[in-house]
Amino acid sequence: MENHLRGDGPLPAERDVAAAPVYGDDLQLALYLCYELHYRGFAGVSPDLEWDPALLRTRAALEERFLGALRADARRHDSVEDALAGLLVEPVDGTGVSHFLRDKGELWQLREYAALRSLYHLKEADPHAWVLPRLRGRAKAAMAAVEFDEYGGGRADRVHAHLFAELMTDLGLDTTYGRYLDAARAEVLVTVNLMSLFGLHRALRGALVGHFATVEITSSPGSRRLAEAMRRTGAGPAAEHFYDEHVEADAVHEQVVRHDVIGGLLEDEPHLERDIAFGVDATVFTEDLLGDRLLADWRAGRSCLRTPLPQDVTHTS
Amino acid sequence: MPNSPSDAPRRVTVQRKGPLLLEGPVEVELEDGTVVSSDRFRVALCTCRRSRRHPWCDTSHRDRA
Chain A
1 MENHLRGDGP
11 LPAERDVAAA
21 PVYGDDLQLA
31 LYLCYELHYR
41 GFAGVSPDLE
51 WDPALLRTRA
61 ALEERFLGAL
71 RADARRHDSV
81 EDALAGLLVE
91 PVDGTGVSHF
101 LRDKGELWQL
111 REYAALRSLY
121 HLKEADPHAW
131 VLPRLRGRAK
141 AAMAAVEFDE
151 YGGGRADRVH
161 AHLFAELMTD
171 LGLDTTYGRY
181 LDAARAEVLV
191 TVNLMSLFGL
201 HRALRGALVG
211 HFATVEITSS
221 PGSRRLAEAM
231 RRTGAGPAAE
241 HFYDEHVEAD
251 AVHEQVVRHD
261 VIGGLLEDEP
271 HLERDIAFGV
281 DATVFTEDLL
291 GDRLLADWRA
301 GRSCLRTPLP
311 QDVTHTS
Chain B
1001 MPNSPSDAPR
1011 RVTVQRKGPL
1021 LLEGPVEVEL
1031 EDGTVVSSDR
1041 FRVALCTCRR
1051 SRRHPWCDTS
1061 HRDRA
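These protein sequence lines map, in sequence, to chains A and B.
Take 1 as the starting number for the first sequence in my numbering and just add one per residue.
Take 1001 as the starting number for the second sequence in my numbering and just add one per residue.
No wet-lab data here; the hints were simulated from the structure.
There's no promise every hint is true.
Unchecked claim - Cβ-to-Cβ under 10 Å is the rule here; a few derived chain B residues that face chain A:
hint, residue
1, VAL1012
2, THR1013
3, VAL1035
4, SER1038
5, ASP1039
6, ALA1044
7, ARG1053
8, ASP1058
9, ASP1063
10, ARG1064
Claimed, not checked - Calculated cross-link-like contacts (lysine to aspartate or glutamate; reagent style DMTMM-like; alpha-carbon spacing at most 20 Å):
hint, chain 1, residue 1, chain 2, residue 2
11, A, LYS140, B, GLU1023
12, B, LYS1017, A, ASP174
13, A, LYS104, A, ASP292
14, A, LYS104, A, GLU269
15, B, LYS1017, A, GLU90
16, B, LYS1017, A, ASP82
17, A, LYS123, A, GLU287
18, A, LYS123, A, ASP182
19, B, LYS1017, B, ASP1063
20, A, LYS140, A, GLU166
21, A, LYS140, A, GLU269
22, A, LYS123, A, GLU166
Stated by the list, open to error - Pair ranges (Cβ atoms, derived):
hint, chain 1, residue 1, chain 2, residue 2, range
23, B, GLN1015, A, GLY24, 39 to 45 Å
24, A, ALA18, B, ASP1063, 40 to 46 Å
25, B, GLN1015, A, ASP103, 29 to 35 Å
Where a beta carbon is used, it is the ideal one built from N, C-alpha and C, also for glycine.
Could you build all of it, start to finish, from the sequences and the hints given here?
Right, here's the structure in full:
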């Protein structure tokens, strides 16, 4: 696959796509490489490959397996209200990644977490922007407004992806786009591929909105815990600020997404209800997959990266 | 005399559970006289008094289980 992108190798054969573990490294990396061509691409790879018919056929085969597995494996709800209900209750004794990092996360674990999440946060809000032309009226206006906030309200220094790069600098990480792709395990790629899948298909616009709602609803309390982790470990002011900003911003976004984006879309296209619920359910499923993996590694004192980070943290702030 | 658009009433969204939603930007004067501001397009004001980022909502109104 990588060699194909460079111009001199075969695409994965149908039987390889059919045989590969669906949440495993090979399938998820192949899908990630296909999707990245729609964002910023790769050095040395022709931008024309974004619409290469052979590559799109391969992508479709990979997507069919991924989507089929998600529909089968995620715990499903028929209504949006039921799908969201669990997310709107805060567990008193939560056991997720953000709880772990708040209570006992060490700086090396926060660095690993940031390196892995950089695959999304350095293009934060981008996969969701693809849904805009597919919405109308209230849903469109509200979605655009939240995206405008994600993109810094017109100010480059407030773009959330930029705030995340500053967090990475505080943690002594390399902010180059795509730098930690090779370090990321399949479970990380799954979470990013999910939003690219939903974002790139108009047929999955309901699922994309469900994904966005899930992120916005869970972000605020999770970000508070991560901000506390950054403060406790002395990660640096930009590292704290990224999560502090998300506590407040996403408390608003959650309201707007639930009332106006989901509410508006359901008014406009009521038949999308199950798709929106599926988007929520699939997001919860993939985040749990990643969370379980990170916690299993960290509790065993292991790195959760394929290639460990350089040890020296050099504070620049 | 027709009203100019700026004379249109400002809509505030009230919910039984959850923050007060206002069109931004807003300035909020606190009890001690300090004024805080938010320039977001929409602003969520805490009504449950549990927020640790008062006066802004931080989702602390949610049920706990």
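(message) For a quick check of understanding: which of the numbered hints are violated here, in increasing order?
(response) When the structure is compared with the hints, numbers 1, 3, 12, 14 and 20 turn out to be violated.
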